[in-house]
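If you use this note's numbering, the sequence shown corresponds to residues 948 to 1020, in order.
Cut-off 20 Å, straight-line C-alpha distance, at most; resulting in silico cross-link-like pairs (EDC-like, lysine to aspartate or glutamate):
no., residue 1, residue 2
1, Lys-995, Glu-1016
2, Lys-972, Glu-1016
3, Lys-950, Glu-985
4, Lys-994, Asp-981
5, Lys-976, Glu-1016
6, Lys-1017, Asp-981
7, Lys-979, Glu-1016
Derived DEER-like restraints, expressed as beta-carbon distance ranges:
no., residue 1, residue 2, range
8, Thr-982, Phe-961, 16 to 24 Å
9, Asn-1007, Ala-948, 19 to 27 Å
10, Lys-950, Asn-1007, 27 to 35 Å
11, Tyr-1005, Phe-956, 32 to 40 Å
12, Lys-976, Lys-950, 29 to 37 Å
These are computed hints drawn from the structure, not numbers from a lab. In this text, all values refer to a predicted model and were calculated from it rather than measured experimentally. The C-beta atom is built at its ideal place from N, Cα and C for all residues, glycine as well.
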Amino acid sequence: AIKKEFRKFGLATFMFHEFHLQLRKDNIKSLKIDTHKENMGMQSLLKKLGYQYCGIIYTNYKAKRLAFEKVIS
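All chains, please: the whole structure from these sequences, using the hints.
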């Protein structure tokens, strides 16, 4: 989460970039993330970073989430 007044500085993109570098270093081939349907900011970020929409999943407490995955190359 990025505090509202610090959004639009590219911090989330930077953090994900660093995270993806670590995943490559650890030879992890893909990353799956889910988010709320209403979280348009996260959905936009994931698409910008190359994540592909996979469909709807339900948590073990029956909450509906949108699932995304990125193949780490």
